[in-house]
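In the order they appear, the protein sequences are chains A and B. Count along the first sequence from 1, then add 47; that gives the number in the numbering used here. Count along the second sequence from 1, then add 47; that gives the number in the numbering used here.
Quick caveat, the hints were computed from the structure, so don't treat them as lab data. Beta carbons: idealized from backbone N, C-alpha and C, even for Gly. Please note: incorrect hints may appear among the correct ones.
In silico lysine to any residue, SDA-like type, Cα no more than 20 Å apart, as pairs [unchecked claim]: (1) LYS421(A) x PRO349(B); (2) LYS464(B) x GLU325(B); (3) LYS421(A) x PRO349(A); (4) LYS464(A) x TYR310(A); (5) LYS464(B) x LEU303(B); (6) LYS421(B) x GLY350(A); (7) LYS421(B) x ASN364(B); (8) LYS421(A) x ARG165(B); (9) LYS421(B) x SER352(A); (10) LYS421(A) x SER352(B); (11) LYS421(B) x PRO349(A).
Short derived list, chain A residues pointing at chain B, Cβ under 10 Å [unchecked claim]: (12) ALA81; (13) GLY102; (14) ARG149; (15) ALA331; (16) PHE370.
2 protein chains.
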Amino acid sequence: MKRDTPQQNGEPPRAEIITIGNEVLSGRTVNTNAAFIASELERAGVSVAWVTTVGDVSSHMRDAFLRAWERATVVIATGGLGPTHDDVTRSVFCEVFSRGLRRDEAVLQNIRSLFSARGRQVTPRNEEQALVPEGTEVLQNRWGTAPGIHWTENGKHWFMLPGVPREMQNLMTHEVLPRLRGLPGARIVVRRELHVVGVPESYLMDQIADIHGIEHVASLPDSKGEVCLRVTVTAGSNDEACARCARIVSDLEARLGDAIYGYDGDTLEVVVGRLLAERNMTIAVAESCTGGLVTSRLTDVPGSSRYLVSAVVAYANTAKTDFLGVPLSTLTAYGAVSAETAAAMASGIRARSQTDLGVAVTGIAGPGGGSPEKPVGLVYLAVADDEGVEVVRELFGDDRLLTKARAAETALALVRKRLLRKTGNPVRQEKLKDREGNRAT
Amino acid sequence: MKRDTPQQNGEPPRAEIITIGNEVLSGRTVNTNAAFIASELERAGVSVAWVTTVGDVSSHMRDAFLRAWERATVVIATGGLGPTHDDVTRSVFCEVFSRGLRRDEAVLQNIRSLFSARGRQVTPRNEEQALVPEGTEVLQNRWGTAPGIHWTENGKHWFMLPGVPREMQNLMTHEVLPRLRGLPGARIVVRRELHVVGVPESYLMDQIADIHGIEHVASLPDSKGEVCLRVTVTAGSNDEACARCARIVSDLEARLGDAIYGYDGDTLEVVVGRLLAERNMTIAVAESCTGGLVTSRLTDVPGSSRYLVSAVVAYANTAKTDFLGVPLSTLTAYGAVSAETAAAMASGIRARSQTDLGVAVTGIAGPGGGSPEKPVGLVYLAVADDEGVEVVRELFGDDRLLTKARAAETALALVRKRLLRKTGNPVRQEKLKDREGNRAT
Numbered sequence: 048m049k050r051d052t053p054q055q056n057g058e059p060p061r062a063e064i065i066t067i068g069n070e071v072l073s074g075r076t077v078n079t080n081a082a083f084i085a086s087e088l089e090r091a092g093v094s095v096a097w098v099t100t101v102g103d104v105s106s107h108m109r110d111a112f113l114r115a116w117e118r119a120t121v122v123i124a125t126g127g128l129g130p131t132h133d134d135v136t137r138s139v140f141c142e143v144f145s146r147g148l149r150r151d152e153a154v155l156q157n158i159r160s161l162f163s164a165r166g167r168q169v170t171p172r173n174e175e176q177a178l179v180p181e182g183t184e185v186l187q188n189r190w191g192t193a194p195g196i197h198w199t200e201n202g203k204h205w206f207m208l209p210g211v212p213r214e215m216q217n218l219m220t221h222e223v224l225p226r227l228r229g230l231p232g233a234r235i236v237v238r239r240e241l242h243v244v245g246v247p248e249s250y251l252m253d254q255i256a257d258i259h260g261i262e263h264v265a266s267l268p269d270s271k272g273e274v275c276l277r278v279t280v281t282a283g284s285n286d287e288a289c290a291r292c293a294r295i296v297s298d299l300e301a302r303l304g305d306a307i308y309g310y311d312g313d314t315l316e317v318v319v320g321r322l323l324a325e326r327n328m329t330i331a332v333a334e335s336c337t338g339g340l341v342t343s344r345l346t347d348v349p350g351s352s353r354y355l356v357s358a359v360v361a362y363a364n365t366a367k368t369d370f371l372g373v374p375l376s377t378l379t380a381y382g383a384v385s386a387e388t389a390a391a392m393a394s395g396i397r398a399r400s401q402t403d404l405g406v407a408v409t410g411i412a413g414p415g416g417g418s419p420e421k422p423v424g425l426v427y428l429a430v431a432d433d434e435g436v437e438v439v440r441e442l443f444g445d446d447r448l449l450t451k452a453r454a455a456e457t458a459l460a461l462v463r464k465r466l467l468r469k470t471g472n473p474v475r476q477e478k479l480k481d482r483e484g485n486r487a488t
Numbered sequence: 048m049k050r051d052t053p054q055q056n057g058e059p060p061r062a063e064i065i066t067i068g069n070e071v072l073s074g075r076t077v078n079t080n081a082a083f084i085a086s087e088l089e090r091a092g093v094s095v096a097w098v099t100t101v102g103d104v105s106s107h108m109r110d111a112f113l114r115a116w117e118r119a120t121v122v123i124a125t126g127g128l129g130p131t132h133d134d135v136t137r138s139v140f141c142e143v144f145s146r147g148l149r150r151d152e153a154v155l156q157n158i159r160s161l162f163s164a165r166g167r168q169v170t171p172r173n174e175e176q177a178l179v180p181e182g183t184e185v186l187q188n189r190w191g192t193a194p195g196i197h198w199t200e201n202g203k204h205w206f207m208l209p210g211v212p213r214e215m216q217n218l219m220t221h222e223v224l225p226r227l228r229g230l231p232g233a234r235i236v237v238r239r240e241l242h243v244v245g246v247p248e249s250y251l252m253d254q255i256a257d258i259h260g261i262e263h264v265a266s267l268p269d270s271k272g273e274v275c276l277r278v279t280v281t282a283g284s285n286d287e288a289c290a291r292c293a294r295i296v297s298d299l300e301a302r303l304g305d306a307i308y309g310y311d312g313d314t315l316e317v318v319v320g321r322l323l324a325e326r327n328m329t330i331a332v333a334e335s336c337t338g339g340l341v342t343s344r345l346t347d348v349p350g351s352s353r354y355l356v357s358a359v360v361a362y363a364n365t366a367k368t369d370f371l372g373v374p375l376s377t378l379t380a381y382g383a384v385s386a387e388t389a390a391a392m393a394s395g396i397r398a399r400s401q402t403d404l405g406v407a408v409t410g411i412a413g414p415g416g417g418s419p420e421k422p423v424g425l426v427y428l429a430v431a432d433d434e435g436v437e438v439v440r441e442l443f444g445d446d447r448l449l450t451k452a453r454a455a456e457t458a459l460a461l462v463r464k465r466l467l468r469k470t471g472n473p474v475r476q477e478k479l480k481d482r483e484g485n486r487a488t
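Isolated chain A, as found in the complex:
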């Protein structure tokens, strides 16, 4: 059976992703393929309107294929092409679109050479992967044995890709996207993310309420306590989209200044690391309730040994006195979770490690250990440098792991703020230059 619906001209092309596989249905595998495909398609000006997941059941696949071909301009089906899937995807495609199979010599050659490179014997079952639907274009898969398939009719495009993420991703980038450039009605989408820290979300929203083009403000309850502003611009051309995006970003920068700590893939540990490296400064960390998380984030960055000297996780009070030199009198008078102890921890780790900066976190991660005066989620953070110590008090709620995450984020933000105090924000300057020079995101 075959359905041809002429493309609605003038309307933007819409895509459907069909992911096939029992693993995704049962929840054993999270559908990361669909997210990757959607992001890639957006770069070609095609937005995804439907994602459909079905198992290896012919009747369900048939139904999904027919509907997708009816309603979408671009269909991308992944999964079900491997030798273990009984070739369901391919046979359903042939049935729905009334076509036979032919053996493709180039695919067969690819299968044989991949097997011989791994020192393995090709079985007849493996060779069956060289059977492709008649009248379709083969997308050579240099990363695995199952080829991609492309078929186009009446301005519509159908792709079938293997479900192995690496193979699918390479085929999307190298084979699918080039075939989708310049579709009639395609709208280019340009996105930029601005990471803001230390500004309450409601205040932030008031500040930027009149700036248009900010699609989405994410400050999810399970996030680390920062706000992510996402600028999305859709336009007919890449140049136009980039120029408009840059204007909105400039407006936001003018309003928010240093509250913006980074762009797109930036993390606070990367930004803090860059600031320390640029200033040839060193840091040491004293952690209690974050239990090593601040330091673990700092050391996620390659080259962090240039500026990170040491850290102490002082969980027990004895560790706070022995390793950090917190006076026993401070602990007795104010308690382990107090501004005074946080300050002593920051000064102590800085002095003992002979670093430019010392940063400290002490708090009650919970679930136990809280009291009416000092509830679970109470955290004191301190940063010490040659000019003194700054202490901040926060309340992060009663979820242990969230409190760890938010306290670590706040500690890094505090260090960044301290580093920016005297010398401005070179990260932002650099990023601004970068954006002027190269407008594509």
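On the provided structure of chain A, position chain B as indicated by the hints.
Using the frame of chain A, we list chain B on its own:
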């Protein structure tokens, strides 16, 4: 409009998940909600046959709702219930199933008390969330403002849940699952995961090749270097499924012994913590290349302050001498990444923290710092107790974050092995008893 299709008796119930939201469609959010829901439904004997994702577009939602109600026994729709989504999900539901809205006083009360607990003002927009479709059951959401909705007719079930993962998960577990127990034709699926560490995967597979019922062995390239054995059994009754599952697990335990460190949700930090607490023992950690990750994992466990005393991240050599007492001569003669330094770090942190155990990690996480003799990925791990020091050498490859993760996992495994040496594996004994007594997973 309303469609009622009587349930096909005898056939197993099939579910459809509808996830609603532009974030998922565009690939900015990976659809982890669908995976969670599918896993939960399986525990009630309901398998998911379709997952459909649509944006906040009424016509697409309408179409998806109608098809789902036609073909599925259980429909779970998530997302689109928050105040920022213009209540699209709710209004489409009312349109498709021809019903009006009523104000639910209990929901309104919940919204008001959540807002007042956070010290925030309730807006009329927030109060709109208390409008629920007539003739439906409200599932109170104690974790957020948007309630869940349940509607059942002709043996079919329709649920609408908020898209915020934590709220959705709690509603699934506490409200949805209890309403789905004992559906006609349900096939109970029982799964059990066994976590194995320290056995090469190929050797493991030889050991267990003749045991049936092991569906899947996962040792993913992005994992922490352990192997997860997943036993899956499907049967008509919970008792039968549990009994068959228990037999397979017993067989695996007989073959693998202490290589199994835990079951299902167990992590090494939980297991190590349990072993330490049971023995009334304390531990301290000295980290170099793991940068605090070992300690951060240990402190993810509530109550870890009972056994974790302190930790030092000694990134610089001076920190290794100053905080851990590693002799300068050891560093000079053998280098910072050596068996000798690892041993000195473990003994040093143990002595200075006066703990029963000391564990240490030193290595080259990369990308820089490697040499032909000491390549990137080389890691030495040591554990010290009253009987001496044990050192292990590992090579973890050239990915910085993977090396951190695998080294941390190996360090925890080393501690576990040391703790088990003399006194057997109480974790396993306890788990065995637990399984006998309470067969449901």
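Out of the numbered hints, which ones does the structure contradict?
3 and 14
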